[in-house]
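Sequence lines, in order, name chains S and L. Start counting the first sequence at 1; every next residue gets the next number (our numbering). Start counting the second sequence at 1; every next residue gets the next number (our numbering).
Hints are supplied without guarantee of correctness; some may be wrong.
Unchecked claim - For lysine-lysine, the following PhoX-like pairs were computed, each having C-alpha atoms within a straight-line distance of at most 25 Å: (1) S:Lys32 x L:Lys152; (2) L:Lys19 x S:Lys104; (3) L:Lys108 x S:Lys131; (4) S:Lys96 x L:Lys49; (5) L:Lys109 x S:Lys96; (6) L:Lys154 x S:Lys104; (7) S:Lys170 x L:Lys49; (8) L:Lys108 x S:Lys170; (9) L:Lys11 x S:Lys104; (10) S:Lys96 x L:Lys19.
Please keep in mind that the hints were generated in silico from the structure rather than gathered at the bench.
Below are the chains, spelled out letter by letter.
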Amino acid sequence: MDLLIKLFSEFFQLGIFSYGGGLVIMALLQDKTQQLGWLTATQFADIVSIAQSTPGPIAINLATFIGYIQRGIPGSVIATLGVSLPGFVISLITAKFMGHVDDKPLVKAMMRGLRAFVIGMIVVAIYNIGKVTLFDTQAYAVTNSLGDLIDIRVMALFLFITAMSLRYDKNPFVYIIPSAMLGMILWH
Amino acid sequence: MAPFIVDEVAKRRPWTDEKTVLNNFALAQSLPGIIAINTATLIGYKLRKFRGAVAGFLGMVMPALLSIILIAGIYQSLEGNRYVEGALYGMRIAVLGLLVSSTWGLLKKSITDATGFALALTAFVALAFIQIPAVLVIFGGMFLSILIYHRKEKADGSAH
Numbered sequence: 001m002d003l004l005i006k007l008f009s010e011f012f013q014l015g016i017f018s019y020g021g022g023l024v025i026m027a028l029l030q031d032k033t034q035q036l037g038w039l040t041a042t043q044f045a046d047i048v049s050i051a052q053s054t055p056g057p058i059a060i061n062l063a064t065f066i067g068y069i070q071r072g073i074p075g076s077v078i079a080t081l082g083v084s085l086p087g088f089v090i091s092l093i094t095a096k097f098m099g100h101v102d103d104k105p106l107v108k109a110m111m112r113g114l115r116a117f118v119i120g121m122i123v124v125a126i127y128n129i130g131k132v133t134l135f136d137t138q139a140y141a142v143t144n145s146l147g148d149l150i151d152i153r154v155m156a157l158f159l160f161i162t163a164m165s166l167r168y169d170k171n172p173f174v175y176i177i178p179s180a181m182l183g184m185i186l187w188h
Numbered sequence: 001m002a003p004f005i006v007d008e009v010a011k012r013r014p015w016t017d018e019k020t021v022l023n024n025f026a027l028a029q030s031l032p033g034i035i036a037i038n039t040a041t042l043i044g045y046k047l048r049k050f051r052g053a054v055a056g057f058l059g060m061v062m063p064a065l066l067s068i069i070l071i072a073g074i075y076q077s078l079e080g081n082r083y084v085e086g087a088l089y090g091m092r093i094a095v096l097g098l099l100v101s102s103t104w105g106l107l108k109k110s111i112t113d114a115t116g117f118a119l120a121l122t123a124f125v126a127l128a129f130i131q132i133p134a135v136l137v138i139f140g141g142m143f144l145s146i147l148i149y150h151r152k153e154k155a156d157g158s159a160h
């Protein structure tokens, strides 16, 4: 029960401060799950990949998933409610009483700054995911050989996908499914 | 996301018009919380007041909730399977690449001047080096944004 309350309050906080899209929420969640010791960096990276590949807002996907890992189905429902209620309540109040607040200078000022500000946060989150995905720091710590830190094939795949997706606007599954298959073959 | 909602709510069904959807979508982005949820709530309210808002909210949340519960269950039961972990690893690499490229695109759109760059850098340093909790960092960002841009926005407003 304690955990459920904690799940709700943590995700509720995140719901209040999530501004500027799903990637921001990912950054906030990464920080939070590390801070609370709920997930390892690798687990978080896995969950992000799955959340990105499934339908639905990534924030909900992440909340549901993390809630499930913490406390099964009740956990997933509580976490999802936690993260989505602030937006719901505020939207409701705004719709009923306040009208289009996005015209107010205060709101416009905040959005204008945050748009650039959150880029810094997202970069940090992606860096953290990259760190556990592209490098094998544990093996490196033991052998101190560069060959153990970096797997050329991993790097090549990563750089290839980055370059391709920068150039071509294709459905993400075009990249994800073959990579998953490659992963099964090469890195099991 | 916006064209999708426009299509479903304004084109395929005669519930409202495209302009209303887009306006609410823009408003949804200015409010805290998940943009998709906000949009569903706002449009739901517009159509059927409180009950509409709840319906929109639930409609947005349920599919993701149910499908992820299913997937998370499978994920947990398959944990330890080498082939699944291999596939997940491959997925991770792909998603990382996709994240990098979409963030790059986002970066180019969002950081258009020195102030923007300074803001992004502040966030980066605060989070990565000073290790301030992310929730506080974003709160600080809101505060900074208002500090920097409020007067300009007020001036823009009264100039019209």
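- Going back to the hint list, which numbers does this structure go against? 1, 5, 7, 9
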